[in-house]
Amino acid sequence: MLRRVKHWGPGLLLLAPTIILVGVFVYWLIIENFRVSLTNQHTARPSDKYVGFENYTNLLADPNFQHSLWNLLILTIVFLGGTLIFGFLWAWMLDKPAKGEGFFRAVYLFPMSVSFIASGVVWRWLLSSLQTDQPGGERTTGLNRLLDSVGLGFMQNDWWSNPTWGIAAIAVPAIWQLSGYVMALFLAGFRGIPEELREAARIDGCSEWKLYRHVIFPQLNPVMLSAVIIIGHMSLKLFDLIRAIVPDANTYDVQVPATMMWVKYIGSDYADAAAIGMILLVLVALVVVPYLMYTSRAEKR
Amino acid sequence: MRRSLTLIAAAATLGLTLAGCGGSGQAPAESAAPASEATGEVGVFTWWADGSEKAGLDALVDVFKADYPNLTFDNLAVAGGAGSQAKSVLAAQLKAGTPPDSFQAHAGAELQDYIDADQLEDLTAFYTENKLTDQFPKDLIDRLTVDGKIYSVPSNIHRSNVVWANVEVLEKAGVDPNKPADSLEGWFADMDKIKASGKTPLAVAGTWTQTQLFENVLLSSLGVDGYNGLWDGQTDWKGAEVTKAIEAYKKTLSYTNSDRDSLSDWAPATQLVEDGAAAYNLMGDWAEAKFAQDGKKAGTDYSYFPMPGTAGVFNFLADSFTLPVGAPNPAGAKAWLSTIGSAEGQTAFNKVKGSIPANTTAKTDDFSEYQKSAIKDFSQDKIVSSLAHGAAVPVAWLNELSTAVSKFGGDGNVAALQDSAAATAEKFAK
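Residue numbers (our numbering), protein chains in the order written: chain A, 1 to 301; chain B, 1 to 430.
The reader is advised that the hints may include incorrect statements.
[Stated by the list, open to error] Calculated cross-link-like contacts (lysine-lysine; reagent style BS3-like; alpha-carbon spacing at most 27 Å):
1. A:Lys237 to B:Lys297
2. B:Lys54 to B:Lys179
3. B:Lys95 to A:Lys49
4. B:Lys290 to B:Lys172
5. B:Lys131 to B:Lys372
6. A:Lys49 to B:Lys179
7. B:Lys290 to B:Lys376
8. B:Lys179 to B:Lys376
9. B:Lys297 to B:Lys54
Hints listed in this document are in silico derivations from the structure and should not be mistaken for laboratory results. Note that the structure is a prediction, hence the values are computed from the model and not measured.
One chain only, chain B, in its complex shape (with noise of 0.2 Å):
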């Protein structure tokens, strides 16, 4: 017996060992091979696991599965919290060293924390060899552009600054719905009808969706410059101009409904707006998709204004695509890559998601009206970067920004937000 028991024993140590020593290896793939003659699996991590956005993703996997027929797609999505669980996946998986072969991140400041960390390629040879430079319009290359060169691909283009609103819910209110209010005081005395008729005025939901109402009160309030020199030190957090802006935010939040917090995403709040239980809501423009897919009918159901004060305006986000450092297959990542930036690809993607295409040259004649619109504004617009979606400031910086948004939600003090929103800035500007 006691024999036995020590053999049982060795067995289990060795066994530990050879599982330990196990695991590592697999060389990367020769990075050298053409993205044409690429071949294996390629393996693309994102968030976009349910809706229109994982719809928008089998479309551009069919574009890509025609393009590339020697590829299989490997769909590395990982759903939750707009991102924030994916982010967490991804950030151990980069600090292990075994990254996707693709990965989605935001344009804009929250690359930057990737580039930093040296996990991402430089693709601007990709551009040139594609001739994606040209294909992009300039204000876009310019804002992904980090040291003279480019990290990513963008996919689609979100715009943060638009209202959506119900339509009858305003006519019983007696608010005009074709003349939207083009000022923080004039939405302010339409949304004081609204109460009057008994609606909730403005639904917002979670922490994220109140620090992207706080990003365009403060752009209507301290106009495009104001707001771009919040990020880059050229506007004194501490000024007058801001306490102002926080005043109109709180003033904004004194109409929206009081169960804000336990609304469990963004869709739980454009949907009061759908079911006639609130007037506006104020919503990346991804609602379109959402109304879409709930078969209502812009105009009649539904209607859309950018954020009062911010006509001309266009506050950005988009998605992008990358390739990591040590990717398994470099070669497939690239012909990822290029579906991504061909016409084809945005096209197919963007139709179905409700964003626009980042590439200029995609077809868009069969898209929604408001997507016409916003392709119409993203090309004559000013462009400001939003902060609720990591194109303005780096995570670190947002997720205390955020903090201190979702209290003020809580306690109202202006000071107190205008202080601690200095604080952090002064604590990440460079």
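In isolation and in its complexed conformation, chain A is listed as follows (with noise of 0.2 Å):
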């Protein structure tokens, strides 16, 4: 008995204190949470009412709430591609051996040590929605003063102050952001394939678009798997961006569920705020969780 102990025992003490902290700092707070989701305390008046999933059922049907998940599927499929396409791009002209490859490297990976509120602020004023032909258009500044100023005044729009793809806007700073992250990722996936299998299948008579189609493209597919799991969960979560581009968070156009939970939680409808809490949960989850399995399953093989 004492043996095995003295086999796992140090082992088990080591972890505990991560096990402790995550414990409570993350699991008991989701459990809270979802207590919490399922009483009646919409405002500051303390109330314990179990009302069951009314709640969940009340904001999924709420127009509110529905357009802000809208919100959300315009900003993901927005973020997603931009970052997949231009990281690809980019991976793909450095994989070629080009002059400067280190230089470009760095250029593209700058971004990201950005924190989103710091580069918020300053796409706060890039995205300004003026317009040099709307009235006061002389105040204009940001990218549509930039447009207009180089002959290319017809492409100004009002970037995020449109209520219908308001928030596609919000997606351009944030493909900035991290395009390089995944530039880096298919990098690595581009270096990870052996010289030989393409000489190989240029010997068997490849052109250059068979040799991406049935060579390369399908090495790739674990490490696009990783980028669309990693700007796809940053995408639900995002949070800070939106908050330091629009001034104020209850800003209908821009609304999605995490800056619709600050609003509730501000206003004291800490079930609500809790409820939208736990829906971001699942949907994240709904993203990373086959992930997980996935690559645990992989590593067993």
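Take each chain as given, in its own frame, and dock them per the hints.
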């Protein structure tokens, strides 16, 4: 018995602080959050009456919340599409033995080292919605001013102030910031493919397109999946960038569940805020859990 | 090696357990001690962290230090988001049972949440002891009283239905700055002239300033009784009167700057008027402090008038201070509250902040011209409670209505705004 304890005891002791901390500050808080989401605590007045899943059904039926989910979908699609396209293109260009690869790699990766809050302040100015042909247009700043001064004035738009597509404008800074990271992932993927495989394909008379289609792309699939998971779950949780760009948290055009949760929380609607938190957790879990299962199975193999 | 690892792990676990045990404790001080004998620190929580608000708070603290030399003032101000950041910090502290000694809250419906949550001490006895009941206007006392009890001491009064105008822009557009419009229709006609002259007629910023504009269009269109009825159920949100008011708001919004959501707060919108880029800005009278700080002169650089159609009405909001349940130093907090309620404290604070004293015995001889006119108006006007500043409805109601107003800024759908405002009112009305 004592020998067995000696075997796993020290390991357990060493891990205990982490287990306790994660247990309390992650899992216990998730459970507590779930409990609050089942109560009718909609004002600061303490009330612990359980209402079952009423908050969830009300939220899902609420047009404002549906709008925020729709915004989240647009954001995720544009964010994912943009980072994958730019990340892949840059990696593909740098994979060719090109001059100054190290320099460009650093240039593309650099935006990732800036925090969302800091870059958001700059992007707020860049994405200012005023256009030169509108009343007060002489105050136009940022991208709209830039477009106008290079003769592309017709491309000016109201960015995130557009009621339907505004949220896609929020994806622009996010793409700018994380494309370099996706590039690094793809570059590692490219480098992991042995040169012999390409040579063998070329000897067999493969065209360049077929080489990519049948040899390179299949081997990049795991990298692609990682990129989708990482960017996808970041997009679902995106809060700080929106908060930094949009001055008022309660701005309908760019409302996503994460910002709506904040607005509800500030308004002491703890039950709804907790329910939105749980819905977000489930959404992220839908993305991450299959991936974790996939990787653990791949590791066992 | 193995043994030393075990030791380290054991030490780490032990340390963690010990850390978990400490922290709590610190028994609350004796609440019976009179304010005059209080000692120690008084932690006061506000969102007055910069600008004229910070300057006002500093002036107030100077009076406090002179009144109570034995007490040290601990500034717990939290900046950002017109108080929304501060309120979330405060909510967490109150929930955890570790409140500050006193915190700032808008008087009126916003206080209701704290009262309902049993987080505030009844201050009725404090009012009688300090003879404050006679020094504050009756209108104000009525608005502070909940079920016969008073829970906060107001420090200042603001007015939200004031339009600030750039004199030069008005003159160039052929609008007489000395004869402001007295109805929404007249105002729209003036703004058409300004639009034709190439300037933005009306400057507005993000969601809360739009809500403030919305409330004042409602007030102008529905009148005092109609407006008050929106909050107590007397006015039907679905009625034709409200439809007409929302149509008027839509028209008002059409005169505003298109980048309203991009402006970071109220000040950039007021700045547009200062700079002559816009003619009007509807803003609470904290704008007066901004004009004064920037060295502008009333009458020549800027002018002000009540929102057209609301002359003789004072759309009121007030900041007030509370004594939370479980405050670490209640005697010190009462000392702080008595400085706030005192005539000297109110004079020092309001002169700098641009608001008017709630205490009618406060000296106001050297106040600005605007402030003097506001003091006069407050004493004779009909008083209504502001929506956008938590005086008319609880925060949750305000939040939902603000979302609807923000949505309306994008789609301009009158029926949708009316429906969701009606649904919200139904949800929260008692």
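Status of each hint after checking the structure:
For the proposed pair lysine 237 of chain A and lysine 297 of chain B, the alpha carbon gap of about 48 Å is over 27 Å, so the pair is violated. For the given pair, lysine 54 of chain B sits about 35 Å from lysine 179 of chain B by alpha-carbon distance, which is inconsistent with the 27 Å threshold. Distance check on the hinted pair: lysine 95 of chain B and lysine 49 of chain A sit about 18 Å apart at the alpha-carbon level, within 27 Å; holds. Of the pairs offered as hints, the one joining lysine 290 of chain B and lysine 172 of chain B holds, with about 24 Å between alpha carbons and a cut-off of 27 Å not exceeded.
Annotation: proposed proximity of lysine 131 of chain B to lysine 372 of chain B holds, straight-line Cα distance about 25 Å (limit 27 Å). For the given pair, lysine 49 of chain A sits about 57 Å from lysine 179 of chain B by alpha-carbon distance, which is inconsistent with the 27 Å threshold. For the hint pairing lysine 290 of chain B with lysine 376 of chain B, the CA-to-CA distance comes to about 21 Å; that is within 27 Å, so the pair holds. Between lysine 179 of chain B and lysine 376 of chain B, the direct Cα distance comes to roughly 20 Å. Compliance with the 27 Å bound is thereby established for this hinted pair.
Distance restraint check for lysine 297 of chain B and lysine 54 of chain B: the Cα-Cα separation of roughly 22 Å lies within the 27 Å cut-off, and the hinted pair is therefore satisfied.
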